[in-house]
Every structure is written in C-alpha cells, then in structure tokens.
Amino acid sequence: MTTKKMAIIATKGTLDMAYPPFILASTAAALGYDVQIFFTFYGLQLLRKDLSDVKISPLANPAMPMPVPMPVAVQMLPGMETMATMMMKQKLKKHGVASLEELRDLCLEADVKFIACQMTVDLFEFDKSEFIENVEYGGAASFFGFAGDTDICLFV
Amino acid sequence: MNFDKELDARGLNCPLPIIKTKKALVDMASDQILRVLSTDCGSVKDMAAFAEQTGNTLMAQEEANGEFIFYMKKK
Chain U
1 MTTKKMAIIA
11 TKGTLDMAYP
21 PFILASTAAA
31 LGYDVQIFFT
41 FYGLQLLRKD
51 LSDVKISPLA
61 NPAMPMPVPM
71 PVAVQMLPGM
81 ETMATMMMKQ
91 KLKKHGVASL
101 EELRDLCLEA
111 DVKFIACQMT
121 VDLFEFDKSE
131 FIENVEYGGA
141 ASFFGFAGDT
151 DICLFV
Chain V
1001 MNFDKELDAR
1011 GLNCPLPIIK
1021 TKKALVDMAS
1031 DQILRVLSTD
1041 CGSVKDMAAF
1051 AEQTGNTLMA
1061 QEEANGEFIF
1071 YMKKK
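Those protein sequences? They're chains U and V, same order as listed.
Note that the first sequence covers residues 1 to 156 in our numbering.
Note that the second sequence covers residues 1001 to 1075 in our numbering.
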C-alpha cells in the first residue's frame, strides 16, 4: 500500500484558525499520512517559538459564542481581545483540548514537514530566529512539488 | 478481555485520544492488545475510523458511566 499524502496551506494566524491545520496534520500523521503544511501570510505566526501572541478577537467574528450579548462598540474596547483569548484558552483546557504548542509538537514528533513561505517572510520582514528550528523555507513551486501528488489538499 | 498495555486518555479531547493510541501502539508487538480509556464521546467513531485506516483491529468496545473502553489489537 502506498503512503497517502496530505498538504495544507495555513494562512491564518488567529487562535481559532490555528487549530484546524495542526489538528488535521497531527491526526493524519497518526493515520499514516505523509503530511506537509505550507505556512504563508498570517499563518507564519504559527511558526513562532512563542505562540502567546496568537489571539482570538470577538471583533468581526459574529459567530463567536459569547457568555452575554456584546455590542460591537464594546468588543472594540482595549483589552477585549486579551480577555476573549484568555476565556477561549480556559475553555479549551476545561474540555481537554490540546494547546497549540502541544499540537505543533505532536506534528513535529510525527514528522509533519513545516514549510514557511519565503516571500511572505521577506514581505513582513520576519526574523527567522523567532521561528522554531524545524522549518524549511520555500516558495509556491516547492509546495506544488509535494501537493501535486497528494490525496488531500486543504487551504485554511 | 485480556490486554497487554493500557492507555488512560480520560479527560482528553479530539484528536489526542487517537494520537496517543497511535503512539502507544508503536512500541507494542503485533497481535498485542491495547486497552484505551476515554471520556470523549467522539472517540467512538474515531477509534473505529482509526482502526479501519491503519489496519489495526478494534476487538471490542464498552461504555460505562460516561467512559468508553476500547480494545485495539495491533496489526
């Protein structure tokens, strides 16, 4: 049986949108898939050694369940993002959902390959020393080198 | 049912029970049985799907007091 492959493009850098790529990648790896994640634009934030700046915002996120109805004018007050992030992290912990760091480590442990988009690294003038070490740098063509031959290919 | 190793995945949510099951099976021998404890009701479908896709055999499963017990035989 040939090994199945999955490629994911991770483009978002918020707490809620950071979960799907890492959950799917770690699970696919556990099922025996060969997995690569291509991080581009804001997705690059998920490669930082320190993930504490990955946050969730209630603003422009009307589907986010809130404990009490909250007008947009309140959502935009200073500190709301930090508070929403804190509440979300507590919720995740309470329900036994792994932290982002834990899921990312599980991916690396399972040999999921992380590729950072060189163009967006340059564009945002990111310092590569702030990223974890197990990252390769490449462009669209290198993504297609793997993605063209996959069974599952997702854009998150 | 007899088993060779036990994994306590209680309190953990998707996808941790599956990933920990996979990791626990790594250092087991073929035909050995892993007993997995879980409180994640999603793991009922997920364990069956894991077995089907990895070739391991889900020998049996039980449910008691909101806890799920799985017996997974390594291929």
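These aren't lab readings, by the way, just hints derived from the structure by calculation.
In this text, a Cβ means the ideal position worked out from N, Cα and C, and glycines have one as well.
Some clues are possibly wrong.
[Said to hold, decoys possible] Covered, in the sense of this in silico footprint (three residues per stretch, anywhere, with C-beta under 8 Å from a C-beta of chain V), are these stretches of chain U: (1) 22-32; (2) 87-98.
[As the list claims (entries may be wrong)] Which residues of chain V face chain U? A few of them, derived with a C-beta cut under 10 Å, are: (3) G1011; (4) N1013; (5) C1014; (6) D1040; (7) Q1053.
Verification of the supplied hints:
1. 22-32: Answer holds; 6 residues pass the 8 Å Cβ test.
2. 87-98: It holds: at least three residues are needed, and the stretch 87-98 of chain U offers 4 whose Cβ sits within less than 8 Å of chain V.
3. G1011: Where the cut-off is 10 Å and the nearest Cβ of chain U is about 5 Å from G1011 of chain V, the hint holds.
4. N1013: 4 Å, holds
5. C1014: 7 Å, holds
6. D1040: 7 Å, holds
7. Q1053: Given a least distance of 5 Å, the restraint on Q1053 of chain V holds.
Of the numbered hints given earlier, the model fails none.
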